[in-house]
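**Q** Fit chain B to the known structure of chain A by using the hints.
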Amino acid sequence: MKRTSRIAGLLLGLLQISFFSTGQDIVTLKGDELFGSLSARQIGPAVMSGRITDLTGHPSDGKVIYAGTAGGGLWKSVNGGASFKPIFDKYNQSIGAVELDPNDPDNTIWVGTGETWVRNSVSAGDGLYKSVDGGSSWNKVGFENSDRISGIVINPKNSKEMYVGVLGALWADSDERGVYKTTDGGATWTKVLAGMPNVGCSDIIMDPSNPDVLYAAFWEFRRTAWSFSSGGLNSALYKTTDGGKTWNKIHNGFPSGELGRIAVAVAPSKTNIVYAVVESKENKGLYKSEDGGATWVFSNGDFELTVRPFYFSRIVVDPKNPDVVVKAGLSGSISRDGGKTFRNLGFMHSDIHDIWFDINDPNRFFAATDGGVYRTWDGGTTMEIVESIPVSQFYHVSVDNDEPYNVYGGLQDNGSWFGPSASPGGVEARDWTPVGMGDGFRVYRHPTKKITYSEMQGAEGVWRFDVVNNQIRNIKPTPAKGEPKYRFNWNTPIQISTHNPDRIFIGSQFLLVSNDMGANWQKISPDLTTNDPAKQNQSESGGISTDNSGAENHTTIFSISESPIDEKIIWVGTDDGNVQVTQDGGKTWTNVVGNIPGLPKNTWAYHVQASNFSKGTAYAVFDGHTSGDYKPYAYKTTDFGKTWKSVVTPDIVGFARHILEDLKNENILYLGTEAGLFISIDGGANWSKFTNNMPSVPVHYIAMHPKTNDLVLATHGRGIIIIDDISPLRQINQEMLAKEVHFLKSEPMPMWEESNFGGSSGETAFVGPNPDRSGRIIYYLKKRHTFGAMTLEVQDLQGNKISSLDPGKQKGINVVNWNFRSKAPKIAKGKTFSFDGFSAPRVPAGAYQVVMKKGKEEFSHKIEVIYDPRSEISLSDRKAQEELTKQLFDLSQDLAYLVYKLDLQLEQAEKAKAADPKSAKSMNALIGELNKLKETLVITTGDNYVGTAEPQLREKISKLYGIVVSNYEAPSPAQVESKTDLAADLGKAKTTFDGIGSKYAKTIDNLVKKGVIEAIQIDDFKTFIEK
Amino acid sequence: MKKTLFILGFVMFVFGANAQTVDEIINNYLENTGGAANWAKLSGVKMEGKVAVQGMDLPIEMVQTKEGKMYMKFSLQGQEITQQAFDGNEAWGMNFMTMKPEKSDSETTENMKRNLGDFPDPFLNYKEKGFKAELIGKETVDGTETFKVKLTKKPLMVDGKEVENLVFYFFDTENFVPIMVEQEVKYGPAKGVTSQTMFSDYQEVDGLYFAFSITEKAKGTPQSQAINITKVILNPSVDDAAFKFKD
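Chains as they are written, first to last, in the UniProt record's numbering: chain A, 1 to 1027; chain B, 1 to 247.
Chain A on its own, in the form it takes in the complex (with noise of 0.2 Å):
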């Protein structure tokens, strides 16, 4: 590890030498273009998917269904909502309404960005996207400050003609609100109906018979980093009859005063009737209409109808029976006599957000929860889990140091979990533990023993779990007598130390910690915030309706961070946007955010991190959105904080949560924003976006994991994603990007001893993707490589070739993967295939080459090779499989080419006598003797099924070469014995042969000197093994 280091500063030197005395153009590369082929991974999971905002389907091909999602993006099924896959990735990930173009439905989607469930961590969008080709590519319409866009109608007869329902900002005014309209199929927008800087359009719904008559909610809605308001005078039910140019408030029959939210739906089956969810102080619930919201009657106000209308506000309508409705709530709820009365719909994950159809079969339906989509086949009485959605939300992400090691993170209404970075036949649902409940965030794993830490919303339950055991305790901290009330955030911090393996820390508005576990907490700060008691109102939080979860709490601790360097000093951040640190362990503190320049006060201090490196150095991050500031704040200070330096470019796009500094590279740095990763490799000077296989993903919380070097990414919207050993980002300097071509370095690749027989997932559920556990041979390419011949090959240190390699051509970073084997055996022709003979034996450890030839030029790189280190296997135990292998591998290659000699004399006598039949009867008795030796050496008969015939010499050494080749370990006596025997079965066979080539010796030649047949030309051994 230090001497990478040691490179490191090395190469670092180096960069600035070369700047400096040559004042070279500095070679600045971006994006893929420096990642190349570093990919990532995501591994989910999908067991507890993620919240799913909006679902609608093909009008007529009930095979196609779309899933929005929270976070993770827009999904499309094809096969009739058995899986799903992403089709949205490079976009913003939260969706508010995707909706098909009745007329083009194979086709044209619509979605509009920016979900509009808005809880306190919801995400916005950025517009209105199109697609015209069932969403292989994309075309951003418009609507760029819209924040988030709830729905999207189209005229049924005309697709030029559609309406967006824009609800906005939640965070601050916006002017982008309200019904617009196009007529020209999104070319040209007009505000039909305007919204207020508080107040949008919350749902839209056309009349489907009648495309001039449109439904438009508006609610009046705001949200800050301490309170939620939802409802007011302005929130209202508009109608127009004449397409947009006048409409009119429906209020005939609903409640007076303050309305909240609503939500509208219209019979499709008799579309005089229309469904209204009203959120008001009284007499709040479901209105029914039959004369198309001229007057409304009151019929439901059941809990599942009123439950936080902000988070379910949906009402669908079965398409074929207007009295079968569906209201989204808590557990969501059937009614089938036309909104009378209401049943819970089946088992499934609480929160559900919309319902979609069948349009052919009503029975059958989806819905839209926070922890996936659900599909039911009885009309909503069982339902059932779409397994291949792994659209889970983390707030937090860090890593333990088991092999493989196993991430650990908390979910969005999904709870805590861990879960291994590598498994069998990959990373399957099966493999994830739950280690909390409720809503999850920061989870740790103790540094030594088999013990997490975990909690749940605003620190209701902090435990410690004993995974072995299974032993819970509740070590939530308690105020001693006389101290006040703590205040926890909704995602309570909860630090682990690197110094103290029994010490953890918690924030409150104070800093606490624990020694013991947990058992015994002591308050080692005063309030670290700023108390302001205008911020602590929640229990009034919510409008209409009270909506008090501890979502709101503020004024409290958000980030805490131990330096690694020394347990002293500590760094703690606050939502109310304070600094402090600490350089005596808790005694006195300096708040120093007042020394940040360009950061408006009482900005979100979201991460704070101590530098690796130094004493004085941290770095933090600022979050504005939860008032409207949606830029990135990054800083790093190298004096304890009485200077900062912003590290933020305008290559940064979206707001940032989250900074870590690389463990080896201080000029590595990695910055989790809203739209994804963003790496800089300069110290925060200019900074990537990674985009390979990286969905534009919100990225919470980032952790390194010391061993292996992945960055292991907590995304609120895609799950885990891990980028696999990105060391080599370490050797990159403006020395190596000026060459055409550049090895990099490797660490000695072991040779794991790993095998296994895979996992147990279904073919519809998602199943993570393992790191690729071969050699990695990287190198850097100045230009993508497209004209002219390019090769890579492994050799010995002689030259010999050892295995060919497909070579990377990206420009940048190429990652080759070598499973450190050599060439299959050249198999003797039979009838069937020798399936044993398919195995390519291992190389021995040591030093081999990597030869790349791309054009006239030749690059050669030298690498070393290693046995698992953690294997017990002797060094003679694997000498001795080595040379057993070899000679079966030996010996399979001396009979394909005595069958190869042998098939060229019976092709040769059967030509001998078609061209003259005097031959006949001594060709006969040749061809006799040949087939007869030959059907002891290789299957003529059957096929590579169950109609496999009886094994011959071929089948036996690639039978015995199977089994040797695949262990480790040495070979049994009795193997050597039988490789013995096997080894003098084919010198007989070679005897047999001879003996027959000279017993027909003279025939032959007669009559090739009669001009009969021509002398067969054989190749040389080593020609016929290469060709």
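These are computed hints drawn from the structure, not numbers from a lab. Be careful, since some hints might not be right.
On the chain A side, residues computed to face chain B include the following (Cβ under 8 Å) [stated by the list, open to error]:
(1) Gly31
(2) Glu33
(3) Ser39
(4) Pro102
(5) Asp106
(6) Arg343
(7) Asn344
(8) Asn693
(9) Asp772
(10) Ile802
(11) Ser822
(12) Gly837
(13) Phe838
Below are the PhoX-like pairs computed for lysine-lysine, each with C-alpha atoms no more than 20 Å apart in a straight line [to be verified]:
(14) A:Lys856 x B:Lys231
(15) B:Lys154 x A:Lys140
(16) B:Lys129 x B:Lys154
Example chain A residues on the side facing chain B (calculated, C-beta under 7 Å, incomplete) [unchecked claim]:
(17) His785
(18) Asp806
(19) Lys809
(20) Lys811
(21) Gly812
(22) Val816
(23) Lys823
(24) Val865
(25) Pro869
(26) Thr941
(27) Asp943
(28) Asn944
No residue lacks a Cβ here, since even glycine has one placed at the ideal position from N, Cα and C.
**A** Frame of chain A, contents of chain B only:
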């Protein structure tokens, strides 16, 4: 010294990445790879190469003709296996277990018929074939700036329903050769997956340029399969029987 071989070849190339129409891109591509007229003269192409599987270099052979006939066969432990063949009328391939030819399902055959105009290049006279090409924009592929062109070919039949047949080509903006093709898999277990085919090692054969390295992978997965071409024969003479299904 370096790159002499191909620098010479480049002299006649059209360079530049100024504002382009889709037809300019296609024309430059055809021009840079030998000229539309020369491509049009081709009656068939035979490609020989190798594909690396599990430490074995399997020899493969692919033939395509102007009439739309094709076969692709490889050799394994001395046995020749025709993976897919089409005689213009009937599509077939060999069963790996019995090593006997079996007919492809009727939809596969139908779709091969619908793709008849592809030889030698779908872009050659694409309008006459009834294809549509559209420039979608610029995109970075393999760290290289490309023009993304959407080619709409004749619709395909999938599970009894006619569907759009879209292929996305990514032309290097510097030299106008495609370096990647993307296409959604329309049937089979991988239905809905986007396949990516990477092209490189372009080399000249009797005045025409062919990609000698073709790598295929599913989008988002690291595993890929490369075919390395060792020899390209223009207008080969091939026994008609090689394309035909035999019982």
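**Q** The structure should be examined with respect to each hint, and the outcome stated for every one.
**A** Hints versus structure:
no. : hint                : result
1   : Gly31               : holds, 6 Å
2   : Glu33               : holds, 4 Å
3   : Ser39               : holds, 6 Å
4   : Pro102              : violated, 17 Å
5   : Asp106              : holds, 7 Å
6   : Arg343              : violated, 35 Å
7   : Asn344              : violated, 33 Å
8   : Asn693              : holds, 5 Å
9   : Asp772              : holds, 7 Å
10  : Ile802              : violated, 10 Å
11  : Ser822              : holds, 7 Å
12  : Gly837              : holds, 6 Å
13  : Phe838              : holds, 6 Å
14  : A:Lys856 x B:Lys231 : holds, 18 Å
15  : B:Lys154 x A:Lys140 : violated, 27 Å
16  : B:Lys129 x B:Lys154 : holds, 9 Å
17  : His785              : holds, 6 Å
18  : Asp806              : holds, 4 Å
19  : Lys809              : holds, 5 Å
20  : Lys811              : holds, 3 Å
21  : Gly812              : holds, 4 Å
22  : Val816              : violated, 11 Å
23  : Lys823              : holds, 5 Å
24  : Val865              : violated, 15 Å
25  : Pro869              : violated, 24 Å
26  : Thr941              : violated, 12 Å
27  : Asp943              : holds, 5 Å
28  : Asn944              : holds, 5 Å
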